[in-house]
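Residues per chain are reported as follows:
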Amino acid sequence: MFDLAYAPLISLNADGTLGPGLATSWNYTDQTLTGFELHLRPDAKFSDGTAVTAQSVVNSLQHEREANGPVAIYVNEIPSATAVDASTVLLHLKRADPQIGLLLTQRFLIGEMVGPTGLANPTKLGTTTDGAGPYMLDPSSTVANDHYTYVPNPHYWDQSAIHFKTFTVKVIANPQTALNALKQGQIAYTGGSFATVDTAKSQGLTVNSTLSSWYGVFLWDRTGALVPALKNIQVRQALEYALDRPGLTKALFGSYGVPNDQISIAGYEKDGYDPAYESHYTYDVAKAKSLLAAAGYPNGFSMTLGGTLAYGNGVVMAQAVADQWAKIGVKAKIQAYPTIPDMLTPWLGKKLPGIAGFYDAQPMFIEYGQALDPKAGTFNPFETSDPQLTAAAAAAYSDTDATTLPAAWRAVTDRAMDLAWYDPIATGATIDYSAKDLQGVALSPTSFVPDPTRFHY
Amino acid sequence: MLHALIRRLLISIPVLFAVSILTFLLTALTPGNPAYTILGYQATPESVAALDKSLGLNKPILVQYWDWLTKAVHGNLGSSLFTNQSVTSLLWSSIPITVTLIAGAVLVATVVGVPLGVVSARRARSNGQVVDAVSLVGFAVPPFFLGLLFALVFANELNILPASGWIPPHQSVTGWLRSIVMPILTLGVPGAAIVARQTRQGMIETLSKDYVRSLRGRGLSEVSVVYKHGLRNSLGNVLTLLGLYVVGLLLGTTLVETVFAIQGLGSLAVQATGQHDLPVLEGVAVIFTIIVIIVFAIVDVLRASLNPKLRTR
Numbered sequence: 001m002f003d004l005a006y007a008p009l010i011s012l013n014a015d016g017t018l019g020p021g022l023a024t025s026w027n028y029t030d031q032t033l034t035g036f037e038l039h040l041r042p043d044a045k046f047s048d049g050t051a052v053t054a055q056s057v058v059n060s061l062q063h064e065r066e067a068n069g070p071v072a073i074y075v076n077e078i079p080s081a082t083a084v085d086a087s088t089v090l091l092h093l094k095r096a097d098p099q100i101g102l103l104l105t106q107r108f109l110i111g112e113m114v115g116p117t118g119l120a121n122p123t124k125l126g127t128t129t130d131g132a133g134p135y136m137l138d139p140s141s142t143v144a145n146d147h148y149t150y151v152p153n154p155h156y157w158d159q160s161a162i163h164f165k166t167f168t169v170k171v172i173a174n175p176q177t178a179l180n181a182l183k184q185g186q187i188a189y190t191g192g193s194f195a196t197v198d199t200a201k202s203q204g205l206t207v208n209s210t211l212s213s214w215y216g217v218f219l220w221d222r223t224g225a226l227v228p229a230l231k232n233i234q235v236r237q238a239l240e241y242a243l244d245r246p247g248l249t250k251a252l253f254g255s256y257g258v259p260n261d262q263i264s265i266a267g268y269e270k271d272g273y274d275p276a277y278e279s280h281y282t283y284d285v286a287k288a289k290s291l292l293a294a295a296g297y298p299n300g301f302s303m304t305l306g307g308t309l310a311y312g313n314g315v316v317m318a319q320a321v322a323d324q325w326a327k328i329g330v331k332a333k334i335q336a337y338p339t340i341p342d343m344l345t346p347w348l349g350k351k352l353p354g355i356a357g358f359y360d361a362q363p364m365f366i367e368y369g370q371a372l373d374p375k376a377g378t379f380n381p382f383e384t385s386d387p388q389l390t391a392a393a394a395a396a397y398s399d400t401d402a403t404t405l406p407a408a409w410r411a412v413t414d415r416a417m418d419l420a421w422y423d424p425i426a427t428g429a430t431i432d433y434s435a436k437d438l439q440g441v442a443l444s445p446t447s448f449v450p451d452p453t454r455f456h457y
Numbered sequence: 001m002l003h004a005l006i007r008r009l010l011i012s013i014p015v016l017f018a019v020s021i022l023t024f025l026l027t028a029l030t031p032g033n034p035a036y037t038i039l040g041y042q043a044t045p046e047s048v049a050a051l052d053k054s055l056g057l058n059k060p061i062l063v064q065y066w067d068w069l070t071k072a073v074h075g076n077l078g079s080s081l082f083t084n085q086s087v088t089s090l091l092w093s094s095i096p097i098t099v100t101l102i103a104g105a106v107l108v109a110t111v112v113g114v115p116l117g118v119v120s121a122r123r124a125r126s127n128g129q130v131v132d133a134v135s136l137v138g139f140a141v142p143p144f145f146l147g148l149l150f151a152l153v154f155a156n157e158l159n160i161l162p163a164s165g166w167i168p169p170h171q172s173v174t175g176w177l178r179s180i181v182m183p184i185l186t187l188g189v190p191g192a193a194i195v196a197r198q199t200r201q202g203m204i205e206t207l208s209k210d211y212v213r214s215l216r217g218r219g220l221s222e223v224s225v226v227y228k229h230g231l232r233n234s235l236g237n238v239l240t241l242l243g244l245y246v247v248g249l250l251l252g253t254t255l256v257e258t259v260f261a262i263q264g265l266g267s268l269a270v271q272a273t274g275q276h277d278l279p280v281l282e283g284v285a286v287i288f289t290i291i292v293i294i295v296f297a298i299v300d301v302l303r304a305s306l307n308p309k310l311r312t313r
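These protein sequence lines are chains A and B, in that order.
Residue numbering for the first sequence follows my numbering, beginning at 1 and increasing consecutively.
Residue numbering for the second sequence follows my numbering, beginning at 1 and increasing consecutively.
Calculated from the structure, these hints are not laboratory results.
Built from N, CA and C at the ideal position, the CB exists for glycine as well.
One thing to keep in mind: the hints can contain errors.
Partial selection, computed: residues in chain A whose CB lies under 8 Å from chain B [claimed, not checked]: (1) Ala-72; (2) Gln-186; (3) Ile-340; (4) Val-449; (5) Asp-451.
Extracted from the complex, chain A is given alone in its bound form (with noise of 0.2 Å):
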């Protein structure tokens, strides 16, 4: 919803490849990666007629970091931005910082740039919108969590992209409602799911997807603190080798996914994902209780796992690894949650052990940060650390040679695997539905939520 009001400083292509946005080149400033220069284009302006600035560039950096809002995480690889002349910014990085281009896309929205106005007052941002994209929203045809109605923003640089006289947004909580009003024709696009692709395919609607993320069991205690066995590397090994992700991804995926034990997926080969790796725990029941003997635990042990159905379908998946793991005489019993808010609560506060769900596919550049650095937070509740871990992740945030760099992730990948921290069952899909006459609704692994801006007939 951001993407039609907001025009990103570089745009992210359906196939994952970066394009010109509000700014139309960008290159480092040299071999350290740490120096960032973009090129705003001169005819770009924000929908009250502002025009973009490298100043106002600038401001909006600013503002997201002081918001310290859902984008923080991502902003503050940028801890400051100057304006070199009037359509130059040069982007100061935290670090060498390879992928900065792509954090600056539609996908991590800090790239969507905010005008004065709206930064002038932001609680007013709630309900108006103040951005350089090609719409902008209406607020006196719009009911909030309703429906929200975008129009043409006259001062767009490219009025031939303006597709709708009218764009609506409408909220529709129930997905059967949602396929009911696609098929019927109310609306044009909507989000899918496993859940409800059949009924879509069976409704003759046209179905889009992409593999997307990767699916599996998050093993948070592993410092043993609420289940001892945990803490031994052996015992979290065991767990990868007893589960048969070829037989899990059919019956939870179906057509969906495909099979895959890294904290990765294929497509990101050069962020981290290691074709070297693949299969790298193979289901072998015999050897996953050998290896519980070895660790102490011949007749297995108990744990409980979180879950919920709005979570990746967690509840089912927590229950389909289960049923594996007690072959090996590991019983883990399923806690199930109505939200995520209220599997967060235990989660944060370091009553769960485990929980199943998904992760979206980052640049391991990112993943790290969110989901294996001792200070990662929500993905790092018990703030679990390995020296070896850290030391690749310090090696390749250093590594400033492109040729070296994969290489420098897949390290951090693989150390990340032999920890066994996460048991990765598939690479999901993320599905999406829409009318057979809507054009511009393509996905890839990197671009899996499509732009709206480019839908048209």
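With chain A held as given, fit chain B onto it using these hints.
Relative to the frame of chain A, chain B by itself:
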């Protein structure tokens, strides 16, 4: 009667307080943090703590309640934690929708249920069994299932009614009527079944009383006996039932509005609950309570108008 009404309204003030306190405490005791819902589950603990502080969520729950109450008594119900919209404006845009659905459902329940009950009470036993069976089905079928069934038939297969959404009457009267048919029927059909059953039982009981035999003996027409005297004396219990039915409808709207993607008080409550949006939840709870108070006041007045003995109480 007037005194009774005033007394009822005075009692409603502590009821409103009790509901607001209960809503606050129940929401506070429910696991979950709105800051995580706003920031996303990948947010850092520092970001969450900062947002908690800026929203005042780090204060003790009683302090939070007092802050809300002192503003609420001055007419300020606060703002949504998520959209930053004033709760009052959210409620004002949702109340007409939910009230329309409830009024429509009550209309369907009455217009269909009462005549059906009267007719079945006067006719053969088999008619009564049919009404009983239909009532049972109407009562047993969950509203959301009925809604999905209606949507499947009238929107998906026949394509004669819109699958979702609410069209304001000022935009298009025809569109508005088409958009409310299925939600109202979903809520009203079970009501009609219940009302028919209650009316039938009341009528059978009333029509078997001695004074009805006397009226017939005095030569009054059957229409007059049944509708002027019988029905009038049977409607008291039906009205009470309708009052309770409206209370049930408030719950029903949370499901039906979700099924038909209509932004009334029900779906507002569902969203606010999922998001732990306390100011919005408080606003909806207060409005729901006020609706219940008003409905029972109306029921009292109507019952009194039907039964002179009640007017002096």
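Going down the list of hints, with the structure as the test:
1. Against a cut-off of 8 Å between C-beta atoms, the interface hint on A:Ala-72 holds, since the closest Cβ of chain B lies about 5 Å away.
2. The restraint placing A:Gln-186 at the interface with chain B holds, with a minimum CB-CB distance near 6 Å, inside the 8 Å limit.
3. Given hint, A:Ile-340 at the interface with chain B, holds; its Cβ is 6 Å from that chain's nearest Cβ, closer than 8 Å.
4. Proximity of A:Val-449 to chain B is violated relative to the hint, the smallest CB-CB distance being about 14 Å (cut-off 8 Å).
5. Hint status for A:Asp-451: violated, given a least beta-carbon distance of 20 Å to chain B, over 8 Å.
In summary, the numbered hints that this structure violates are 4 and 5.
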